[in-house]
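Novice: Please construct the entire structure, taking both the sequences and the accompanying hints into account.
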Amino acid sequence: MSFSSHELSVSELSLIIKGLIEQNCGYVCLRGEISGTKKHSSGHLYFRLKDQDAVIDAVAWRGTMSNWALKPEDGMEVVCTGRVTTYPGGSRYQIIVDSMQLAGQGALLKVLEERRRKLAAEGLFDESRKLLIPFLPERIGIITSPTGAVIRDMLHRLNDRFPRHVLLWPAAVQGQGAAEQVEAAIKGFQALPETIKPDLLIIARGGGSLEDLWVFNEEVVIRAIAECSIPTISAIGHETDTTLADFAASKRAPTPTAAAEMAVPVRTQLVLKLQEITARYSVALNNKLQHLQQTLSNSYGQLSRIIHTLDGKMIKLSDWGERLSLIISSIMSTKAHMLSIARSKLIHPTHRLDILHHKLDILNRDMITCFAQKYLINPTNRMGLLSQLLESLSYKKVLERGFAHILSSSQQTISSATTCKMQSFVTINFHDGNCKAQILAPKKPSEASNKKSQGTLFEE
Amino acid sequence: MANQNSAKLSFEEAIQELEGIVRQLEEGKIPLEEAVTAYERGVSLRQHCEIKLQEAKLRVEKISISSNGEPKLEPFSPLPEE
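For the protein sequence lines, the chains are C and E, in the order given.
Each residue of the first sequence is one higher than the last, beginning at 1 in my numbering.
Each residue of the second sequence is one higher than the last, beginning at 1 in my numbering.
It is possible that some hints are incorrect.
What the hints assert, rightly or not - When the alpha-carbon atoms are kept at most 25 Å apart in a straight line, the in silico SDA-like pairs for lysine to any residue are as follows:
(1) K197/C <-> L32/E
(2) K72/E <-> P193/C
(3) K397/C <-> I428/C
(4) K421/C <-> Q438/C
(5) K273/C <-> E74/E
(6) K316/C <-> H337/C
(7) K197/C <-> S77/E
Said to hold, decoys possible - Looking from chain C toward chain E, a few residues come up when the C-beta cut is under 10 Å (computed):
(8) C25
(9) V28
(10) L136
(11) G141
(12) L158
(13) P163
(14) G188
(15) I196
(16) L274
(17) T278
(18) A284
(19) K288
Said to hold, decoys possible - To be clear about the criterion: a stretch of chain E counts as covered by chain C if any three or more of its residues have a C-beta under 8 Å from a C-beta of chain C, and this derived list gives those stretches:
(20) 13 to 22
(21) 44 to 55
These are computed hints drawn from the structure, not numbers from a lab.
The beta carbon of each residue, even a glycine, is placed where N, CA and C say it ideally should be.
Specialist: So this is what it looks like as structure tokens:
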């Protein structure tokens, strides 16, 4: 504005300023931190918006504020929209705020939420996409800044737990081009030859503001993580920081060091576990062997008892066998002997008939000879001898020599005195005739003798 | 299973199989011949695990992109501030 010698009143100047301000920056979107809030009794809110180097007065009318979700507080970083105006009465300018949102985070969070919904709808955050983190990775790929505490802390932690082969893919994690570098690193790791390709990726960054971490909310990075064929762990910022990378990764670690802990187990624990397992299987196999040995020796005992019994039986069997064979051979020889005897005795019937004929002939001849001898050749002699013998045996010859034959009345021969005494009458035969006699009963039958009774008899 | 090359197994697979074998052996129900085979398998798995455990050496390499666009490995001082 050129110098004018025209004299202005204060009001005129104020109006010019007012006009200039309202023309050039009438309706603005202003970002700043709230401070010095004063709520007027009228309900209007007076405060200041400031940044590092400047400050501006602000006012929010009661009527406009009633529609806001946000309650302005000192220290809040906000983005306001409103009109800039001046207050000529106090040589002041101010912004009359129409709307207010949390700045940075607020605005970004809104973007973030929209993006999250969109990518989730595409299925990029689905649990089914998430790959399993290997229990013990062979090679770990880390995408982060090569300088600073993050990589150092992670390597420390890996070294403490289970040292591994680590491939670092340096990438800017903040600022222009960072998202593209991270994306290129994720894709680059997948494209590595199998011999050096990692089986786990860690995408790490230290703590920072939402804006600082914004790279990990960029769509290219999220898509690269979601499509990665290698399991990923996101380790962005601190525990309270959440980025979309956390949703897309196979696993979220609250901090980079926590990611290192998730990546590998503790080696010393595994060594102990392996020792324990080794001990267990040795013990188990030994137990098994002992058990089997016991069973075996038991079986052996039983077997030897059986063998012992069998031995006895075998001896008996062989004994019996021997005896049996002896008996059989003895029987056989006996039978053979008998057979030979029988065979020798066995004569053909015609031969036997011949013999019988011969015997018959002999008998017939003997008979004739004998008959002739006995009955034909000496018949006279024999007859004479026989009649002499007959004569001498005749009782009449005896009677001739003085003996008598006594008969009972019933014509029975009486040969004893006892019998005679029981008779009253007897007949006495002599060689030349008989006579009757009467028996006198003797006094003493025991002394009675044939002589005496005969004597008596003779006396009559 | 017993013939499967244990060299290709990951540590976790190997130790899981080993634990399975130990449980089998501890139950004592498998026949001796199988138990011996399982034991041999167990020994090989254990060796495999031990090798895996011994392979614990921190080696850090940095990947850089060469002029022709191919990534190449170069040593990286892992703990530069020590």
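Novice: Look at each hint and say if it fits the structure.
Specialist: Hints, verified against the model:
no. : hint              : verdict
1   : K197/C <-> L32/E  : 43 Å, violated
2   : K72/E <-> P193/C  : 11 Å, holds
3   : K397/C <-> I428/C : 16 Å, holds
4   : K421/C <-> Q438/C : 10 Å, holds
5   : K273/C <-> E74/E  : 36 Å, violated
6   : K316/C <-> H337/C : 31 Å, violated
7   : K197/C <-> S77/E  : 20 Å, holds
8   : C25               : 47 Å, violated
9   : V28               : 45 Å, violated
10  : L136              : 4 Å, holds
11  : G141              : 8 Å, holds
12  : L158              : 6 Å, holds
13  : P163              : 4 Å, holds
14  : G188              : 6 Å, holds
15  : I196              : 7 Å, holds
16  : L274              : 5 Å, holds
17  : T278              : 5 Å, holds
18  : A284              : 4 Å, holds
19  : K288              : 5 Å, holds
20  : 13 to 22          : holds (count 5)
21  : 44 to 55          : holds (count 5)
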